[in-house]
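Peer 1: Protein chains in written order, with UniProt numbering: chain A, 1 to 339; chain B, 1 to 339.
The hints are simulated quantities; they were obtained by calculation from the structure and are not laboratory data.
From a predicted model like this one, the values you see are computed outputs, not experimental measurements.
Among these hints, one or two may not hold up.
No copy labels: a pair is met if it fits in one copy or bridges any two.
To be verified - Computed list of lysine-lysine pairs in DSS-like fashion (alpha-carbon distance at most 25 angstroms, straight line):
| hint | residue 1 | residue 2 |
| --- | --- | --- |
| 1 | Lys119 | Lys69 |
| 2 | Lys215 | Lys75 |
| 3 | Lys94 | Lys275 |
| 4 | Lys69 | Lys94 |
| 5 | Lys275 | Lys215 |
| 6 | Lys215 | Lys119 |
| 7 | Lys94 | Lys119 |
Protein chains: 2
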Amino acid sequence: MAETLLLTGATGYIASHTWVALHQAGYNVVGIDNLCNSNRAVVERLARITGATPNFVEGDVRDRALLDKLFAEHKISGAIHFAALKAVGESVSKPIEYYSNNLNGLLTLCAAMQSANVKQLVFSSSATVYGNPHAVPILEDFPLSATNPYGQTKLMGEQILRDLEISDESWRIGYLRYFNPVGAHESGLIGEDPGGIPNNLMPYVAQVAGGRRQKLSVYGGDYPTVDGTGVRDYIHVCDLADGHVAALKYLREQPRGMTVNLGTGRGYSVLEVVKAYERASGRPVPYEIVARRPGDIASCYADPALARELLGWRAQHDIDRMCEDSWRWQSMNPNGFAG
Amino acid sequence: MAETLLLTGATGYIASHTWVALHQAGYNVVGIDNLCNSNRAVVERLARITGATPNFVEGDVRDRALLDKLFAEHKISGAIHFAALKAVGESVSKPIEYYSNNLNGLLTLCAAMQSANVKQLVFSSSATVYGNPHAVPILEDFPLSATNPYGQTKLMGEQILRDLEISDESWRIGYLRYFNPVGAHESGLIGEDPGGIPNNLMPYVAQVAGGRRQKLSVYGGDYPTVDGTGVRDYIHVCDLADGHVAALKYLREQPRGMTVNLGTGRGYSVLEVVKAYERASGRPVPYEIVARRPGDIASCYADPALARELLGWRAQHDIDRMCEDSWRWQSMNPNGFAG
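Next comes chain A alone, as it looks inside the complex:
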């Protein structure tokens, strides 16, 4: 019989792509989301992609009674905890909201899982826990730090889960440190739908290519990189989704958890992304080099060897494919799910 997984923040960008991957891998999924940062239309799109009716529950992961109900109604064997607020700038202006959402969400989920004796958990961590890394590529045993409340919530989340593992060794926890997810499902039916002005590069580039924004501001052209612009490790969201499936398999088969980077191991500069997007879309992406942003670093990319070794997983899609899939999503949904 197929295993059933609980996905929190299930209609978000990474979660929705993971939902598809889990469906394809034969899992049943129960998805919960309070829709504070995502759109109910995702559920209908998931139905079209998977050909099945998604089991979606609108609700907040901090609602303990609701979680207890879900664990009682379904034979859930594990959870992937995506639910979290994730905008760095907003986290600086609204720290209590961020800590409350991200920490209380995690704590409520863990408490409900403990009660239900469900102890397999995949945690959405982030490369942000490396703070300003002293070197690249980044290894999992690099020192951890945070430079803003969003990063703190990920760092604290990892700490809380490590203490949970110490208290009860029957837990199996996977800490997945995402690099920069981009792209979209090849169907063009789901993708990243940032509210307002995109915080991340590729959705912004997509909106410039699509004509929704005039030009891209590139923060810093004098970094010690291939062309002076910042280098990041972009990873196709479907590769990331597959990483979750691989992590769940590992947790089921091994007597321990793991902490791995999910990145490609290859960095691209802002201008390399711009050029790739122009190729993929056939549209110009005008840009302007402006001052560096305080806190930004020159170069950040993963060493993905441990994920390959432990999970047998590696990213498959290159930057051109990331841009092509992003562009298909952007063209088909110029205003995101609301359109």
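Chain B: place on chain A using the hints.
Peer 2: Chain B only, in chain A's frame:
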């Protein structure tokens, strides 16, 4: 008109003594406690000490609706957040409970205060945030770390509040890092009432002197200290209480918050405490030197100069007075508040 303060965890050990000090300093107090680790009898004792009826509300600081009600009903100008679980060993075995109580408690209080536009807060931090300090005496700018989930909750609590201050500079937050509170109010009516086997030295010594326990186990007799036993900075709980009154005055008068150690600056060894307790009680305190506990350090005491400079506060009571007041409380209440 007198200011009104909200005290969370109000019937706990330090909070109840602070309640008395605040009353004497002319404040009105609204106290809230879920009584998970304290006794309702404290309220009646406070009435006897202060000659006034304490305004006590049984409830959980994580109950946002209750907090909103309290802020609506009373003209509260600030809060002292005592409510927290504090047993190091228990925090290792029940981390989710500790994180939930201590972090959600703080976050719920801050959110309610923000809504009510009440932005003066004194936070019960602890010397535990210095982890294993590299030197003594300990200064406020020493590096911070934690060695167990309880310590993590204090460290994370400080981080959350610092991010809150950055997001909104109208907050005035006092971070009080307590060393080792001991002793009791001179009336003998309130004092420390640990449930079960005491985790801390002086309550244990008190129960040995009182005949409730046979002998004291002293963990380690070969530390590089005056007599080989561990040295700590014990501070009379009434001095600590006065520190809170001084901190509130500072927050009202200064355009900024502060972080200070509340300790005496003088360390005493376990055996020095034992001897002082024997003098104060006139009873023998049998003890046995046993192996060191992993994680314990030789010596830990505060540099209290900053608190003196900023708050005009310093501890007044010496170790003999601490033991005398502890013994009076112990003799009058051999079984704590339950007796």
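Peer 1: Looking at the structure, which of the earlier hints fail to hold?
Peer 2: Violated hints: 2, 3, 6; rest satisfied.
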